[in-house]
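Asker: For reference, the chains in residue letters:
There are 2 protein chains.
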Amino acid sequence: MKTSKASFGEGSPEHSEGYAATKPINVGLLGIGTVGGGTFTVLQRNAEEITRRAGRPIRITVVADRNLELANKVTGGACRVTDDAFSVVADPEVDIVIELIGGYGVAKELVMKAIANGKHVVTANKALLATHGNEIFKAAQDKNVMVAFEAAVAGGIPIIKAVREGLTANRIEWIAGIINGTTNFILSEMRDKGLSFDTVLKEAQRLGYAEADPTFDIEGVDAAHKITILSALAFGTPVQFNKAYIEGISKLDAADIKYAEQLGYRIKLLGITKRTPEGVELRVHPTLIPAKRLIANVEGAMNAVLVQGDAVGATLYYGKGAGAEPTASAVIADLVDVTRMHTADPENRVPHLAFQPNAMADLPILAMDDVTTSYYLRLRVQDQPGVLADITRILADEQISIDAVIQKEPGEGETQTDLIMLTHQTREKRINAAIVKIEALGVVAGKVTKLRLEELGK
Amino acid sequence: MKTSKASFGEGSPEHSEGYAATKPINVGLLGIGTVGGGTFTVLQRNAEEITRRAGRPIRITVVADRNLELANKVTGGACRVTDDAFSVVADPEVDIVIELIGGYGVAKELVMKAIANGKHVVTANKALLATHGNEIFKAAQDKNVMVAFEAAVAGGIPIIKAVREGLTANRIEWIAGIINGTTNFILSEMRDKGLSFDTVLKEAQRLGYAEADPTFDIEGVDAAHKITILSALAFGTPVQFNKAYIEGISKLDAADIKYAEQLGYRIKLLGITKRTPEGVELRVHPTLIPAKRLIANVEGAMNAVLVQGDAVGATLYYGKGAGAEPTASAVIADLVDVTRMHTADPENRVPHLAFQPNAMADLPILAMDDVTTSYYLRLRVQDQPGVLADITRILADEQISIDAVIQKEPGEGETQTDLIMLTHQTREKRINAAIVKIEALGVVAGKVTKLRLEELGK
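Chains as they are written, first to last, in the numbering used here: chain R, 8 to 465; chain W, 8 to 465.
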């Protein structure tokens, strides 16, 4: 059955004789921006090696982009180019559609039409899946097509595959990930150079690590999209982005990074999802982590995801979370997966969200008030006797116990000073209640700064 | 088509209504030692969750072990028990055989018989696959059955899956892994406590981190089995264990760990495989790594594997490399994979060694003489003028350039001292030629200590 030779790409075969590739699988690519361009380039450069893995050549036959000039430039005449993406999802010759347009608008329409037309879909669109994934996966199931999305979370790190297939023996307990490179770059620079958020953001924008409008990254929305998808995979629940708690890093003070370091912690923007007896925690916020943890030492724009399973314990996955070729690596891995599996009985393929569609759990997402974690508090207090006693009394009344306290000496000629406290685990509503009472004390100036702290291991 | 309810295990369903499992897939387990016991326990404890993922209950129907008393104790009457493993691989009721006996003898015979009888095989046996894998995979291909072996490398870390499926877009450039927990534990303790190899080995044996006969671990044989398998997966070559260069840690001097640290490096036992224009490097030896690398900070019995791909860059995978439940996690992930995929057209399943059987490459494994790396040299020299000049002249003659030198002050009343040098990259044969000449110098006492050094990234 294998008769024709791989014709796409320029790699010369280094493998043993007798290998001749079969009919190519045809791909329509929607969007030839950074990731689309990377996908085109890598698929062409590594065509021979990818074919040897997939068993068939994977060939981009048509590219759709509004910018025809760019599309023509990138593809260099190697395939058809169109500005009509809808013609691609309706093209009878196309087996797999790669959606790299982004957003919830036309991207959703195109994905749904591709599925309706019986195309398999590969997408890097976390925003779309986190918000409309349930509808999309349902449609795909009804049409017996695959929707693959490794590139939607942590770029080139095969974390979707690890959770969906590599850890299937486990009752997954929690996942915590550095899944936004922009914010990790900013936090690394703030710590390293002692600079303010605003200063580093400007630098990150200049270097291309942050967008002109960085809101989605710095406010945690992008990380929340990703942890929403990981949460569904880990616990076999529908995606529930609208229930996620989201707090970014734009209000983070450089002083807190410094104090955290003095206490042996680093501050990272983590996406966290955790199974509890009452429901699932789903949250994104700046988090203190012990500095000795491997994940605390993930610097710059790198990503890392820590998964705790009941059998395997903690496993960690680390790599580049963004960029043209790292993200293309994940897109193409999905293309190979689809190529390898698309002829399989749909009942026996790997399910989209790791669990069989008829075996999904309906676990509630906990309100933030009901989340349990530890806390870092920074207060501006009068430097006078009894202040610490007043504050610890309030915490004790809320049954919050204290793990560590730093009281700074007041500066020359000052009467106020910084008081930093770490608490043991408690409910968010208890700490909030305590903070209201603490802020009402006459000896406490202004607002209390509250950050969450996770030990992430023993 | 889904009519009967999952009956194995005690988990109560938490998922939505209407889910009823179909016919179980039947597993015969060979060997109920540490990993076998862990597999039985986890499969029972997480039965409900695993079934929801796999789409069918996965049921151990028979356990074979020479120790019937142990087998009866572990299984507690939940399945049949026999001391005749050959009856299991011939049992018409068994769909999948798990081989956890180990070694190349009866284990090989059983695996080959299971395949001949049309059973899928899951094994943790790296020694068997590294030495007889080509024959086993060929037999499996001929009989259209799967041989899955996630547990053979790095225990619970899904590294086989990552390389075989997660990184298929990439031309893999190299893999470097801490893939033996015993030796990493020993090296961590030697560094941490400044103790000798012999002292720490005894401690490791007392704590159960090293076997009574630790040869396979400490001499690097176990790591070589594992890197042999990873090398085949990465480059699409047959397994070639007999070509691997293997050097363990039993001759490692605590002084070198200390000097390495002063130079900013940690010493780890790495399994390394690298693609070069002349062939594939395949080697295991103690290696200096920059202390700031994440993998240099993997301590105790933990494992980590770093994979460099041309598109994704470096990705790292970290977790427990041994133990009952971590290894069981990998065994069961394979069971779920086989359950999900065994009905698929064999042409379209994931190939055993990542590349299609008819597309394997026949790359040579390089002799150690032709390997290129950097070196750490420690020499005992007379503390007199001209010594360094003599030595650097010899290195220059071999075109070896020097990256760093430490010359210690001689101890009180001593006339000799330690000279430590780091070189830039060179061929192993060049450094060996230089060492012969250096050892012939009158001012150099005894043998030169040579260790290899890898930067593992920029």
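Keep in mind that the hints were calculated from the coordinates and are not lab data.
In this text, a Cβ means the ideal position worked out from N, Cα and C, and glycines have one as well.
Hints may be right or wrong, so weigh each one.
Just so you have them, the derived chain R footprint on chain W, three or more residues with Cβ under 8 Å [as the list claims (entries may be wrong)]: (1) 49 to 57; (2) 96 to 103; (3) 214 to 225; (4) 326 to 337.
Asker: All hints, please: hold or fail.
Answerer: Checked hints:
| no. | hint | in the structure |
| --- | --- | --- |
| 1 | 49 to 57 | holds (count 6) |
| 2 | 96 to 103 | violated (count 0) |
| 3 | 214 to 225 | violated (count 0) |
| 4 | 326 to 337 | holds (count 7) |
The earlier numbered hints that this structure contradicts are 2, 3.
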